[in-house]
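The chain contents come next:
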Amino acid sequence: MKINIIGINHRTAPIEIREKLAFPKGKLSEGLLYLKKNPRIKESVILSTCNRVEIYTLAEEDNAVPESIADFLTNFHKLGGESFKEFIYRLEDFEAVRHLFRVSSSLDAQVLGENQILAQVRQAYLAAKEAGTVSKIFSYLFDEAIKVGKFVRTETQIGYGAVSIGSAAVELARKIFENLQRKKVLIIGAGKIGELSAKHLWDRGAQMILVANRTLAKAKELAQRFEASVIAFEKWHEALGDVDIVISSVNAPHLLVTKEQAEKIILQRKHRPMFFIDLGMPRNIDPEINSIDNIYVYNLDDLKKITDKNLNERLKEAEKAEQIIEGCLMEVGRQIKRLAFGV
Amino acid sequence: MYSLLFVGTLCANFVSTICFIIWGTNKKNKTSKVALFSAVLSLVLLSCALIARAFLCGFPPMSSLYESLVLFTWAIVFIFLVLEYRYKFRIIGVFVMPLAFLILFYAALLDNTVKPLIPALQSWWLVIHVLSCFFGYACFACAFCLGIMFLLQERQVKTKHTGKIFERFPSLGVMDKINYDMVKIGFVFLTLGIITGSIWAQHAWGNWWSWDPKETWSLITWLVYAAYLHARFNSGWQGRKMAILSIAGFMVVLFTYLGVSFLLPGLHSYL
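Chains U and Z supply the protein sequences, listed in that same order. Per our numbering, residue 1 is the first one in the first sequence, and the count goes up by one each step. Per our numbering, residue 1 is the first one in the second sequence, and the count goes up by one each step.
Don't read these hints as lab results, they were simulated from the structure. Heads up, some of the hints might be wrong.
[Unchecked claim] Dumping the calculated PhoX-like pairs for lysine-lysine here, alpha-carbon to alpha-carbon at most 20 Å: (1) U:LYS304 <-> Z:LYS160; (2) U:LYS305 <-> Z:LYS28; (3) U:LYS2 <-> U:LYS199.
[Unchecked claim] Here are some, though not all, of the chain Z residues that point toward chain U, as calculated from beta-carbon distances under 7 Å: (4) ARG90; (5) THR162; (6) GLY173; (7) VAL174; (8) TYR180; (9) ALA226; (10) GLN238; (11) ARG240; (12) ILE244.
These numbers were taken from a predicted model, which means no experiment stands behind them. We put the CB at the ideal spot given by N, CA and C, even for glycine.
Please model the complete structure; the sequences and the hints are all you need to start from.
This is how it looks when you write it as structure tokens:
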């Protein structure tokens, strides 16, 4: 008996390939049933996320088996004669178990420590259970993988700190305001990162009220997404006194808000705190504004510094996580042998 | 019996202080539970101690500096636990519990012999006066801790060095709001304390207000916090300036409470 992994992930294959080979919800059980039909495969699980497609199997010790699974992975989607062999990796036994544990602990993730993978592993396992393709060994193995993933998440700080610009901006907003419910946000200029930051704020209950953009169509598109209203680009200054958070990403040679203006605004709004997220290059907001009481200004570089620092922290935590995994591999290996051979 | 309870309180307070400080660095949930449990324990023990002493004196224990410090500690721990219960604001314990411990420790160094009040002074007005004052002071003590925490957190956000404090402390908005709440409540108690004190003075000394240093300084304290509330109400000041004012306010409280007793003798000279 041998545990095999045949798969592709974000390191070995570009997104276009991963998309082609993925098993969306509807196809998953079909794929599992196909594997079930193969008499040499005893147990199997398909883990398909946007960063990886991996087929876990427990099968007879025979080199033909991994070959046939690799063929299955490429042929299942009926993509004609295309070969994906160069993208596919293959792991077995001890290495395979270690890999699964690293995946469930989010060590193999594209964004180190991201927290969705554990749920995805669990879903893949439950789907396989439902399709009847797991039995005692994979039940044990995946239960352990989920346990280890949880343990790593609680015992290390692998998931701590924002590592994207958008989430860093939200984390700051949450440390500035009492809460984000009904906070008013003004978006000036429609940039990709600005939109992502806005989405994070929106998810936390902030109210998108105003979008100002030079091209109206783009502004309307953004506004629709956040149930916001559009204001004419020339008029966004008037709204400034009334908003709590400003996200600006405008390509302009001059500053949009000067210190003098900001001093007036803060008096006008009776010192209620304000947060400027300046994503413009060159900068849109005078950085000196940050020295005014109750106004906080962060630009792209400031946010990047935070995400870099947090990522570094996560890398340190990842070392602890690797040790946790190494620590339990031996015992898991022994237990699997016991289950497989009844020793 | 009383000294046993007192020593128990001191120990519980100490354990709580140490655990809060450790929790401040290690973030283990268990540590904070032990810290919180010992804080509750210290409040219970201290309550029992105060009751035991009341039976010993035949009157609520509030007639010496020692007794007032014990009462002050009791009020601070009580307000802290209310904050924790009401806002789940446990991290303030890292500042409040050490403060409470220091005060209690100072009390432990003082003469604790029971000196009953002369019957002429024993009045329920005195009880209300003292309790109001110390509840007020305890609220101001919490506002003081919140002010310090606010300034530390604000520095993190302003300088863009988001470290441990940034992660552990609540948002600036939350601290500012609770600081405001604490000053509001403290102000009500202080006002009540001054009024009832004045009534008691009329009973005891036949004079509503005699510009005794303690009275004068209470009035100054009252004015400082009145200024704080005025700045908030009328000009909408918030944040950093309010934090600084609440810290300054507590300095005045300390002077009124301790400084006046040692430096400017008067009718209140015992406390």
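Hints and how they fare:
no. : hint                  : in the structure
1   : U:LYS304 <-> Z:LYS160 : holds, 11 Å
2   : U:LYS305 <-> Z:LYS28  : violated, 27 Å
3   : U:LYS2 <-> U:LYS199   : violated, 45 Å
4   : ARG90                 : violated, 17 Å
5   : THR162                : holds, 6 Å
6   : GLY173                : holds, 3 Å
7   : VAL174                : holds, 5 Å
8   : TYR180                : violated, 11 Å
9   : ALA226                : violated, 19 Å
10  : GLN238                : holds, 5 Å
11  : ARG240                : holds, 5 Å
12  : ILE244                : violated, 11 Å
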